[in-house]
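Peer 1: Sequence:
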Amino acid sequence: MAVPKKKTSKSRRDMRRSHHKLSPVQASECSNCGSYKLPHHLCESCGHYNGRLIVSQKNETKDDQNEDYGNL
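Residue numbers for the sequence shown follow the numbering used here, beginning at 198 and rising by one.
These are calculated hints, taken from the structure and not from any lab test.
One thing to keep in mind: the hints can contain errors.
Straight-line Cα separation of at most 27 Å, DSSO-like style, residue types lysine-lysine; simulated pairs [claimed, not checked]: (1) 255 <-> 234; (2) 234 <-> 218; (3) 207 <-> 218; (4) 204 <-> 218.
Taking the hints into account, I'd like the entire structure generated from these sequences.
Peer 2: Structure follows, in C-alpha cells:
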C-alpha cells in the first residue's frame, strides 16, 4: 500500500485544491413574472418557459388543503 514519505504542506495541499471551489449559481430573470430562475428551466413561481405557460399554478392555502382531507 502506498504511504507518503513526507507530510504535505498546507500550501501544496491548498494549491492542489484550488480548482475544487464552487461556482456561483447563474440565475436569470423570468420574462413573465421577473423572479429569478435557473437558465433553461421552468419558472417555479409562474410556470412559464420560453414565453409560454407550461404548468398552471394552483393557489391553494393550507385551509383549502385541510378541507380536502377533513380533520385528521
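Peer 1: Against each hint, give a clear statement of whether it holds in the structure.
Peer 2: Hints versus structure:
1. 255 <-> 234: 19 Å, holds
2. 234 <-> 218: 22 Å, holds
3. 207 <-> 218: 17 Å, holds
4. 204 <-> 218: 23 Å, holds
Hint check: no violations occur; every hint is consistent with the structure.
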